[in-house]
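Now for the letters of each chain:
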Amino acid sequence: MIEIKHLYKSFEDKDVLIDINAVFEDGKTNLIIGQSGSGKTVLMKNIVGLFVPTSGQILYDGRDFIGMTKREQVLIRREMGMIFQSAALFDSMSVLENVMFPLEMFSDDCQTDRIRRAKFCLERVNLKGAENKLPGEISGGMQKRVAIARAIALNPKYLFCDEPNSGLDPKTSLVIDELIHDITQEYKMTTIINTHDMNSVMGIGENILYIYKGQKEWQGSKDQIMTSTNERLNSFIFASDLFRKVKEANQ
Amino acid sequence: MLLQQFFAAFGRYLQLMGKVFSIPERWRMFFRQYIKEMAQLGVDSIGIVLLISFFIGAVICIQIKLNIQSAWMPAFVTGYTTREIMLLEFSSSIMCLILSGKVGSNIASEIGTMRVTQQIDALEIMGVNSASFLILPKVLGLITMIPFLVVFSIAFGLIGAYATTYMGVITVEDLTSGLLYDFNQWYVWMSIIKSLCFAFIISSVSSFYGYTVEGGSFDVGKASTNAVVRSSMLILFADIFLTQLLS
Ligand SMILES: Nc1ncnc2c1ncn2[C@@H]1O[C@H](COP(=O)(O)OP(=O)(O)O)[C@@H](O)[C@H]1O
Ligand SMILES: [Mg+2]
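Heads up: the sequence lines are chains A and B, in that order.
Per the numbering used here, the first sequence runs over residues 1 to 251.
Per the numbering used here, the second sequence runs over residues 1001 to 1247.
Looking at chain A on its own, in the form it has when it is part of the complex (with noise of 0.2 Å):
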């Protein structure tokens, strides 16, 4: 479980985020919404520790990420896997090499159960065949799937998406969101997402946070969307024809 106390971030003259409050469970596909540029990478990255924030608190199961050394903060991210919005594989590494990467700093298994729990992460996200690959050879979609697997290589407690979905195209987006709400479920991780995608809220939101430039609009799930009545959410989700007619239809 992560807990988001009065979480503040500014840029030099700029407030970006403004008093996030917010709880994410384990076990459950929890959802950061919001426009482009409402500050949801900026939310993720404090979260994970890549920008320091202004003022608040961060709690992993209770311990305090902020207050924490440096020392004790490496250790809660080696429980952290994380897929960027680019993928972020090694360019210079084939597929395997990418998701032993981890096992390779931090498990201390010989190499021979390495490569079995490296290929068996990557038969788990279906890509067996492609071990030998270097990242620039296979699809978006793919890479995405590597980065799945690398992120689930050392068996994370929390899981991180940064829009996970950008760049792919419907059908492989929802391949993308199933793999990770069923690996959520399996592993009982305590997942987070990124996105603007409609058809992942509506297919994931087991819990969603709406942002409006910084600040945090409204929380609940996709059946609580669906009879909202708060104008800022409807107006993002409902901002298409499509998504309108089926809350018409629906009510």
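One should not assume that every hint holds.
[What the hints assert, rightly or not] Cross-link-like lysine to any residue pairs, in silico, SDA-like; alpha carbons within 25 Å at most:
(1) A:Lys133 with B:Asn1106
(2) B:Lys1019 with A:Arg77
(3) A:Lys157 with A:Lys133
(4) B:Lys1102 with A:Asp91
(5) A:Lys5 with B:Glu1124
(6) B:Lys1019 with A:Lys245
(7) A:Lys133 with B:Asp1121
(8) A:Lys133 with B:Met1029
(9) B:Lys1019 with A:Ile66
(10) A:Lys216 with A:Val42
(11) B:Lys1222 with B:Trp1027
(12) A:Lys45 with B:Asp1219
(13) A:Lys119 with A:Asn132
(14) B:Lys1102 with B:Leu1140
(15) A:Lys128 with A:Tyr187
(16) B:Lys1222 with A:Lys171
(17) A:Lys5 with B:Asn1106
[Claimed, not checked] Pair ranges (Cβ atoms, derived):
(18) A:Glu137 with B:Ile1035: 40 to 50 Å
(19) A:Gln111 with B:Pro1024: 12 to 22 Å
(20) B:Pro1024 with A:Thr229: 52 to 62 Å
(21) B:Pro1024 with A:Asp113: 37 to 47 Å
(22) B:Trp1186 with A:Asp113: 50 to 60 Å
(23) B:Lys1222 with A:Thr229: 46 to 56 Å
(24) B:Met1233 with A:Gly37: 23 to 33 Å
Treat the hints as calculated values from the structure; they're not laboratory data.
The structure presented is a predicted model; accordingly, all values stated were derived computationally and were not measured.
Quick reminder that beta carbons are idealized off the backbone N, C-alpha and C, glycines included.
With the hints as your guide, set chain B with the ligands onto chain A.
Same frame as chain A, but now just chain B with the ligands:
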């Protein structure tokens, strides 16, 4: 204002170096990177070093013979001068200036691209000290390889000088006696010591510019230019300082 910028950058450089020089988390991973960097930065530079040294050695020999050597000069002047130029300046300073172009831009653009494609963030999230993991093997790898490059450069410069005897520029006897005249072994060591400092400058300064890139591919290009220009300038300053100190 300019001075202030310089000190700000220098402060950030020192901070980065503080992160770089830490004990590697996994020695096996470190050695793998270290060997890769020795090959990429050192072995892959041998070709250009040999080529340039050979031709410069030959050209210096021809120039000295044509312009300096005369009836009033002793016969050893050409060989002697060629050797001193190669040993004292070309094979350390000028060669490192050339390498700063090849190696410096390579390092800065590689690390810079990793920065803008979030590969460095990915390392940090895993709990890896990305600065040390990426930069330390490059710095140590280049420092390990540079003495070999210097020795190769000296050797091929002299081979280039001998090649001119085929063109009838100078006789083998005159050249040999000149090359052996008043030889001071310390100059070889001086060359190597200077090159070690230059190797540190090239690798650490270029890594700094790559590591601190913000933005996109345009900024990576700028960083790589900065890396070459700044490390060349620092090599020139360091050269004056070291030459004073070591001679
Ligand atoms: N490193 C930074 N320095 C200054 N401003 C930043 C930085 N990163 C993001 N911002 C600003 O924060 C705001 C939110 O950005 P971001 O979190 O990337 O939005 P998104 O919701 O699309 O992910 C933007 O207005 C952006 O300009
Ligand atoms: Mg974003």
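Q) When you check the alpha-carbon spacing of lysine 1019 of chain B and isoleucine 66 of chain A, does it fall within 25 Å? A) Holds, at roughly 20 Å.
Between the alpha carbons of lysine 133 of chain A and asparagine 1106 of chain B, is the straight-line distance 25 Å or under?
Roughly 24 Å between the alpha carbons, so the hint for lysine 133 of chain A and asparagine 1106 of chain B holds.
Given hint aspartate 91 of chain A paired with lysine 1102 of chain B - CA-CA distance at most 25 Å: holds (21 Å)
Review point. Given the hint that lysine 119 of chain A pairs with asparagine 132 of chain A, does the C-alpha gap stay at or below 25 Å?
Key: holds (11 Å)
For this session: Below or equal to 25 Å on CA atoms is what counts here, so check lysine 1102 of chain B against leucine 1140 of chain B.
Result: Distance of about 17 Å is within 25 Å: holds.
- Mind checking the alpha carbons of lysine 133 of chain A and aspartate 1121 of chain B for me, to see if they're no more than 25 Å apart? holds (23 Å)
key: lysine 1019 of chain B paired with arginine 77 of chain A [C-alpha distance capped at 25 Å]   = Holds. Lysine 1019 of chain B to arginine 77 of chain A sits at ~18 Å (cutoff 25 Å).
State, for the Cβ atoms of proline 1024 of chain B and aspartate 113 of chain A, whether the hinted interval 37 to 47 Å holds or is violated.
This hint is violated: roughly 22 Å between Cβ atoms.
Inset, instruction - Take the C-alpha atoms of lysine 128 of chain A and tyrosine 187 of chain A, compute the straight-line distance between them, and say whether it is at most 25 Å. - result: holds (21 Å)
Note to self: So if I understand the rule, the pair passes when the alpha-carbon distance is 25 Å or less; does lysine 1019 of chain B with lysine 245 of chain A pass?
What the structure shows: violated (55 Å)
- Message: If I claimed the Cβ atoms of proline 1024 of chain B and threonine 229 of chain A lie 52 to 62 Å apart, would that claim hold in this structure?
- Response: holds (57 Å)
Could you see if the CB distance from methionine 1233 of chain B to glycine 37 of chain A stays within 23 to 33 Å?
-> This hint is violated: roughly 39 Å between Cβ atoms.
Of the numbered hints listed earlier, those contradicted by the structure are 3, 6, 11, 16, 17, 18, 21 and 24.
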